[in-house]
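Colleague: Read off the chains here:
Number of protein chains: 2
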Amino acid sequence: MQDGPLQHLIKTLSGLPGLGNRSARRIALHMLAHKNQTMLPLADLLKRTAEEIRTCSICGNLDMPDPCNICQDARRSKTQICVVAQVSDLWAIERTSAYKGQYHVLGGLLSALDGIGPDQLNLTGLIARTADPDITEVILALSATVDGQSTAHYIADHINRPQLEVTHLAHGVPVGGELDYLDDGTITTALRSRKKST
Amino acid sequence: MQDGPLQHLIKTLSGLPGLGNRSARRIALHMLAHKNQTMLPLADLLKRTAEEIRTCSICGNLDMPDPCNICQDARRSKTQICVVAQVSDLWAIERTSAYKGQYHVLGGLLSALDGIGPDQLNLTGLIARTADPDITEVILALSATVDGQSTAHYIADHINRPQLEVTHLAHGVPVGGELDYLDDGTITTALRSRKKST
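Residue numbers (the numbering used here), protein chains in the order written: chain A, 1 to 198; chain B, 1 to 198.
Derived from the structure by calculation, the hints contain no laboratory data.
All figures in this text were calculated on a predicted structure; none of them were measured in a lab.
Treat each hint with caution, since some may be false.
When chains are identical, the list treats them as one kind, so a pair holds in a single copy or across two.
Each computed PhoX-like pair below joins lysine-lysine, with the alpha-carbon atoms no more than 20 Å apart [unchecked claim]:
(1) Lys100 / Lys78
(2) Lys47 / Lys35
(3) Lys11 / Lys35
(4) Lys47 / Lys11
Generate the whole structure from the sequences, applying the supplied hints.
Modeller: Structural data, given as structure tokens:
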């Protein structure tokens, strides 16, 4: 194999998350077999996305307008902010249609191991937003991991204001989850937070 | 999520081999976080590859010049043709540096189940090439599957010419393979084709 654009393409593809050399080669060959249906449209879409999608200056979401469509939506409640680590978490919550408030994307979690401190996250923006007296609740929708919990504690410590409720997602048995496959920590938490059956 | 270029990008990515919705979302977000290092260079590479890489009119390999660099290489033997199903198989053989002859890429295998007949493959080109009296050996480097073997039989039947040797890759225990994990067919073949230890 010579050192042409195809080899560069395979190398770039293999650097994407979840892809290795073999899957990158497979994708490159698939696209070469479908130049007009896949390869050229994808090149165009990548360029358009890079140009048109920007980070919302209020909440950190990715969208075409700035402020994003969620921040601009007059039908959404302005009293709640749901704090998530990544845009993919925001998308996961939006897919449920169970939440109609505002969001705040941190861009990651505090992590002593990975050397991520408060300055690397979009935390000052969050603290400034929660100072608004209209905000009555901050929902911390962070992972139930060490990093997620330490980030939640940091935020709860820094947005101390009376009349501001700080909540977090309920822990327990996932809907559809089998008890036998769950870890002890989840079962213990689910038992302690048990609710009256109605 | 609105129906913007980001959603189209995720949809296009999720149609690539080996990628689903979740991995496509992950890749799209990764690229948006690295617009200048990954997203724009990838768009450019896709466009360049689609424009510059063509199928070799002699052997079916993918390369910038036509005939491809392998067909043009004066140092490679002109007496052997190695028949492979896909360009990825050609690459796999080239990585070994164990073969210095010509190639012929069929573009697939005969398959009754998938409805792929001789007309869908690059077979007439192969039969024409093997009529050249300079060619003394055709190596069938096809998978040891039903489709691979029926394609091999079809080719062997159609390139009948005295002085033309038709060979296939040896079957046996993969180098580094453990006997305990091999199927019975492979072990039987390896036993029957056993060789004198030197």
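Colleague: Check each numbered hint against the structure and report the violated ones by number, ascending.
Modeller: Hints that this structure does not satisfy do not exist here, as all of them hold.
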